[in-house]
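Please model the entire structure based on the sequences and the hints provided.
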Amino acid sequence: MSAAQALEIEESFMNKRLKLFNYEYPGNPAAKGISIVLNREITNVEGVKIHYLIPGKAILAVIPWHGTQTITVLGIYAPTESDEEKVDFWNALCELWLTVDLPVPDAMGGDLNLVSDAIDRLPHHTDSDAVVTAYLRFVHLMELKDGWRQNNPDTKAYTHVSTCGTLSRIDRILVSPTLLKNCRHWEISDVAGGLTDHRMVSVAISAPGAPYVGKGRWTLPLFLLNDKEFISRVMEEACKLEDSIPEQRSELSNAQTRFQSFKDSVLEHGQKRAKTAVGASAKKKIGLVHEREELLNGLRPGTPDGEMVDNPVPTTEDDDQMRGKSQDEIAELVGLIEKKIDDLVDRQSERKRLETRVQGFTEIARDYHNDLQSDGIGVTQADREGGRREALESVSQPGARADMKPLSEKLTEEDVLEALKAAPPGKAAGMNGIPTEFWRRLEAINRESKRDEENSTPEKKTCDIIKVLTWVYNDIEEYGMVEGPRTDVSPLQEEGSDGYCELQAHHRAELRL
Numbered sequence: 001m002s003a004a005q006a007l008e009i010e011e012s013f014m015n016k017r018l019k020l021f022n023y024e025y026p027g028n029p030a031a032k033g034i035s036i037v038l039n040r041e042i043t044n045v046e047g048v049k050i051h052y053l054i055p056g057k058a059i060l061a062v063i064p065w066h067g068t069q070t071i072t073v074l075g076i077y078a079p080t081e082s083d084e085e086k087v088d089f090w091n092a093l094c095e096l097w098l099t100v101d102l103p104v105p106d107a108m109g110g111d112l113n114l115v116s117d118a119i120d121r122l123p124h125h126t127d128s129d130a131v132v133t134a135y136l137r138f139v140h141l142m143e144l145k146d147g148w149r150q151n152n153p154d155t156k157a158y159t160h161v162s163t164c165g166t167l168s169r170i171d172r173i174l175v176s177p178t179l180l181k182n183c184r185h186w187e188i189s190d191v192a193g194g195l196t197d198h199r200m201v202s203v204a205i206s207a208p209g210a211p212y213v214g215k216g217r218w219t220l221p222l223f224l225l226n227d228k229e230f231i232s233r234v235m236e237e238a239c240k241l242e243d244s245i246p247e248q249r250s251e252l253s254n255a256q257t258r259f260q261s262f263k264d265s266v267l268e269h270g271q272k273r274a275k276t277a278v279g280a281s282a283k284k285k286i287g288l289v290h291e292r293e294e295l296l297n298g299l300r301p302g303t304p305d306g307e308m309v310d311n312p313v314p315t316t317e318d319d320d321q322m323r324g325k326s327q328d329e330i331a332e333l334v335g336l337i338e339k340k341i342d343d344l345v346d347r348q349s350e351r352k353r354l355e356t357r358v359q360g361f362t363e364i365a366r367d368y369h370n371d372l373q374s375d376g377i378g379v380t381q382a383d384r385e386g387g388r389r390e391a392l393e394s395v396s397q398p399g400a401r402a403d404m405k406p407l408s409e410k411l412t413e414e415d416v417l418e419a420l421k422a423a424p425p426g427k428a429a430g431m432n433g434i435p436t437e438f439w440r441r442l443e444a445i446n447r448e449s450k451r452d453e454e455n456s457t458p459e460k461k462t463c464d465i466i467k468v469l470t471w472v473y474n475d476i477e478e479y480g481m482v483e484g485p486r487t488d489v490s491p492l493q494e495e496g497s498d499g500y501c502e503l504q505a506h507h508r509a510e511l512r513l
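Counted the way full-length UniProt numbering counts, the sequence shown spans residues 1 to 513.
I should point out that these hints are in silico values taken from the structure, not numbers from a laboratory.
Virtual Cβ for every residue (Gly too), placed ideally from N, Cα, C.
Be aware that one or more of the hints could be misleading.
Derived Cβ-Cβ restraints for the label pairs, each shown as a range [said to hold, decoys possible]:
1) A422 <-> E229: 29 to 37 Å
2) P425 <-> D343: 29 to 37 Å
3) V104 <-> D343: 39 to 47 Å
4) H66 <-> Y479: 32 to 40 Å
5) W218 <-> E11: 32 to 40 Å
6) K283 <-> M200: 17 to 25 Å
7) H140 <-> D83: 15 to 23 Å
Subject to a maximum C-alpha distance of 25 Å in a straight line, what follows is the list of computed BS3-like cross-link-like pairs (lysine-lysine) [claimed, not checked]:
8) K421 <-> K263
9) K427 <-> K450
10) K340 <-> K284
11) K145 <-> K181
12) K427 <-> K467
13) K285 <-> K263
14) K272 <-> K461
15) K285 <-> K340
16) K275 <-> K215
17) K263 <-> K240
18) K467 <-> K263
19) K284 <-> K339
20) K460 <-> K450
21) K427 <-> K272
22) K240 <-> K285
23) K285 <-> K275
24) K228 <-> K272
25) K240 <-> K228
26) K284 <-> K272
27) K450 <-> K240
28) K450 <-> K228
29) K427 <-> K228
30) K275 <-> K263
31) K284 <-> K263
32) K263 <-> K215
33) K467 <-> K421
34) K263 <-> K461
35) K340 <-> K283
36) K325 <-> K285
37) K49 <-> K263
38) K339 <-> K325
39) K49 <-> K19
40) K450 <-> K461
Pasting the structure below:
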């Protein structure tokens with residue numbers, strides 16, 4: 001990447017989220033070079049210190065981390081030319097740290113363009129002894145460990161397929177022994193598709209002493225709204241809920257408690273179905289991944305969870321031939337499989353890539369979205385409180401009695417339907433994990449069913465979800481929130497999300513979602 005291209009990126013919409021440190025390769029920046037990219041939303045980019053070491057080949061970043069801690073990352077794009085250049089590169093790095101006051105890297109990552117262990121190339125062989133010795137000298141000097149290999153000591157996986165069909169794991173992340181204890185989720189993934197001939201290597205690193213952060217709150221995935229099996233099960237439960245409306249109310253059995261039970265069942269069915277429901281492309285990709293693993297690591301055919309066989313890793317030509325294929329044949333087959341996987345990934349992301357080429361409306365849409373998300377983030381609590389007081393003091397005249405009368409009336413189904421239609425799509429789900437789109441989907445199914453009945457083509461029984469929601473809201477207004485297990489105020493807008501409101505009488509004038 002040239003300096004002009006890096007500047008173009010910094011001046012584009014991407015600069016709002018990304019900070020780019022580019023180190024171009026002299027003479028051929030379009031084909032070679034190295035960059036470190038930081039996410040502004042989770043990184044303190046203002047305090048980053050950059051050491052430019054070898055043009056287009058090595059860059060060192062000291063990044064503020066958790067509290068007063070920093071993490072030092074060395075980015076590498078090793079030479080691809082002769083063995084002599086590779087040896088000179090690693091020796092030059094050793095010389096830099098032995099003669100210059102540089103911080104020792106906590107992590108090193110990039111395209112190392114070499115293999116030091118035969119298992120990391122297919123057909124199996126390492127680089128020349130001179131290259132491997134120079135590389136290992138630097139790695140031992142920095143006391144770095146190959147984290148992926150430490151966690152997968154006998155597994156074959158490759159990050160690059162050469163033009164001649166050779167497979168190799170030349171893209172690696174190495175970390176210090178101390179940092180290795182705080183690393184998890186070492187992965188080699190196909191996420192890049194055909195955008196590059198390399199597979200992406202990634203790892204999640206936690207700062208020592210940082211508080212534990214879990215996986216987050218589970219929310220109902222939107223793809224289930226078009227899953228026939230899930231919707232059929234949910235509609236069955238919803239119809240039971242609607243049928244229970246005439247039943248006598250009690251403290252233990254009422255609109256709120258029954259509605260909570262319904263939502264619990266929705267989440268339970270959703271979690272189970274989300275684990276098994278995948279599209280045709282996803283199924284095909286999963287099958288290809290298992291086929292690749294079977295070829296490389298001796299997986300049993302048909303084992304969905306990738307169960308390993310005894311002595312799974314062949315490391316010699318004879319071992320592979322015992323399984324009926326030479327190493328060259330395995331490498332060729334794996335290369336073909338990876339091409340099919342790349343094609344699937346490309347097709348799945350094709351719409352996004354096409355959109356990014358239309359610079360005009362794409363940049364406008366992203367800037368608008370980012371501005372909405374960041375609006376108000378920098379406002380202090382004192383300023384927020386001052387603004388609230390100013391707004392309240394500006395209201396000098398109380399509402400007319402005629403305007404207040406509707407507030408004492410119960411909600412109607414028309415009120416709830418109007419509010420549901422006005423709810424903006426794409427917002428985060430509330431505390432119960434059910435997004436607004438779920439309720440819209442149930443309403444649409446019921447509406448279509450009524451239309452079919454008018455056309456004398458009735459389908460299965462459906463639930464009038466608007467009737468159910470109106471019943472629940474009015475129960476809250478008349479009896480208040482029930483005690484005991486949490487019953488969310490509204491399935492349309494939950495406490496803690498944008499635009500939250502209690503569905504009490506004094507808020508019903510607007511019924512905001």
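- prompt: Which of the numbered hints above does this structure break?
  reply: 4, 9, 13, 22, 31, 37
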